[in-house]
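Chains as they are written, first to last, in this note's numbering: chain A, 262 to 629; chain B, 305 to 431.
Hints are not guaranteed to be accurate.
Stated by the list, open to error - Here are some of the chain B residues that sit facing chain A, going by a computed Cβ distance under 8 Å:
1. G342
2. D343
3. T345
4. Y346
5. V361
6. V364
7. E366
Stated by the list, open to error - Below, simulated BS3-like cross-link-like pairs (lysine-lysine); rule was C-alpha separation at most 25 Å, straight line:
8. K382(A) - K305(A)
9. K316(B) - K575(A)
10. K322(B) - K301(A)
11. K408(B) - K351(B)
12. K428(B) - K351(B)
13. K523(A) - K552(A)
14. K322(B) - K408(B)
15. K305(A) - K552(A)
16. K266(A) - K369(B)
17. K339(A) - K426(A)
18. K625(A) - K305(A)
19. K426(A) - K626(A)
20. K552(A) - K618(A)
21. K552(A) - K369(B)
22. K369(B) - K305(A)
To be verified - Okay, the calculated beta carbon distance ranges per label pair:
23. D569(A) - A392(B): 32 to 40 Å
24. A538(A) - G403(B): 55 to 63 Å
25. D373(B) - D562(A): 13 to 21 Å
If you're looking for bench data, these hints aren't it; they were derived computationally from the structure. Heads up, the beta-carbon is just placed ideally off N, CA and C, and yes, glycines get one too.
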Amino acid sequence: MSELKRTPLRDFHAAHGARLVDFAGWEMPVQYRSILEEHKAVRKTAGLFDVSHMGEVDVKGPDALRYLNHVVTNDVSKLFPGRVLYSPMCYPNGGVVDDLLVYMRAPEDYFLCINAGNIDKDVAWLLEQAKGFEITVTNRSIDYALIAIQGPTAVGIVQSLTGAKLDRIGYYHFAEGTVAGVQCIISRTGYTGEDGFELYHAAGDAVALTEAVVAAGAAHGIELTGLGARDSLRLEAGYPLYGHEITADISPLTAGLGWTVKLDKEGGFIGRDSLLAEKQNGAANKVVFFKTGDRRIVRADTPVLGTDGAVVGKVLSGTLSPILNEAIGSALVTTAAAAGALSVDIRGTLLQLHLVKPPFVTLKKPST
Amino acid sequence: MSTVPTELRYAKSHEWLKLAGDGTATVGITDYAQNSLGDITYVQVPKVGTVLTAGQVFGVVESVKAASDLYAPVAGEVIEVNPTLDSAPETVNSAPYEGGWMMKVKLADPASAEALLDAAAYEKAIA
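When you get a sec, could you build the whole thing from the sequences and use the hints?
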């Protein structure tokens with residue numbers, strides 16, 4: 262086995278009692294104290310996540326907008342400096358290469374945040390598509406660390422460390438400035454459904470910035486929170502995770518992300534024809550979200566049964582919602598079966614899946 | 305460091321057994337086991353009256369991470385199960401040797417507990 266990659270905060274995590282695990286080739290904290298307690302802290306006060314394993318890519322040049330609009334499904338022309346856009350990036354067949362955030366820093370200067378497990382694949386794909394465009398694509402992943410401060414008290418905590426006027430940064434907007442003396446991209450985004458910020462900064466500043474945030478957050482209930490809570494929070498919020506709800510085989514339309522696929526945008530984009538056909542003909546499968554009213558976790562890959570007991574799909578993600586105190590999850594099922602009763606067999610007990618339009622809980626994030 | 309009380313007996317599969325002295329015993333999972341599992345979200349215990357053989361699966365303990373079978377450390381009949389675990393399974397995390405107990409059994413053979421590990425041997429097993 263190859264050596265696990267480490268973020269600049271790896272020793273900080275170990276010193277704070279984290280349980281470190283292999284996540285996509287990275288040695289990452291899955292929890293510090295308790296996944297359930299960390300989850301609740303983010304919904305009630307604030308959590309601090311190290312997500313430095315995420316990848317960052319610079320896209321610069323005169324054709325940057327035209328190029329990005331060609332490779333992602335959402336409409337990058339809607340951006341202005343300081344605005345962030347969520348988008349899938351698709352293969353010609355409509356399957357998903359990755360989902361990412363596009364930051365517009367200036368005309369001809371964009372910044373992408375991509376999934377840790379997809380960095381090599383994405384960069385290769387982005388370079389392959391760059392032919393004929395006057396742009397540069399630069400993998401900046403090792404240069405950047407990234408921490409997320411999320412929860413109802415997160416904005417106040419970050420505000421206490423910066424002169425930037427955070428109330429002027431709307432949801433899915435960003436500014437560049439210093440936090441605790443560290444130069445950051447201050448991004449009002451997150452993966453928890455709560456208000457808060459993600460701070461991109463130089464890897465060498467990560468420990469100083471994190472310690473400053475923890476100190477400032479102590480009076481505001483900040484907790485160190487691991488990837489375990491990050492996963493249950495995103496599922497409770499109904500956000501997709503690459504490799505689960507969206508994959509090379511599950512298109513954004515199948516995943517219910519139609520709002521991110523701008524079929525009519527100027528110039529077309531990779532995957533448009535396939536996605537248009539899927540929209541016109543109807544998808545064979547769809548991603549649904551469910552709860553069960555039972556505490557038994559319905560884990561990924563559990564077969565989903567239709568009305569007559571036949572297998573009509575499989576579970577994509579599953580956990581216990583610490584807020585609802587019941588199992589929640591997502592599943593890929595045939596479109597025909599999705600209208601009928603669905604169930605799963607958990608160790609001999611048949612549990613009905615009650616379909617839910619996420620989020621599962623009321624989210625406090627601001628509107629965009 | 306996991307707690308391993310000296311007065312208990314242990315199975316290699318990480319259950320503990322506490323003899324009451326009247327031919328019955330209380331069974332739960334060890335501090336080491338609860339710590340390895342992480343946040344416990346569900347515990348399935350057997351029905352009172354169930355007759356178990358040694359090593360038989362008597363229930364399931366589920367955490368955010370995984371679901372694991374529970375094995376009877378000795379043969380016997382289930383005479384009581386912990387009613388609080390249904391609504392508060394996290395008690396197994398916070399008090400594995402106290403409030404987090406799982407069942408009480410009437411031993412088929414009171415001497416059978418002798419075959420289990422003592423605290424020193426269990427500590428060695430998890431070292």
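Return the numbers of the hints above that this structure violates; sort them in rising order. 5, 8, 9, 10, 12 and 13
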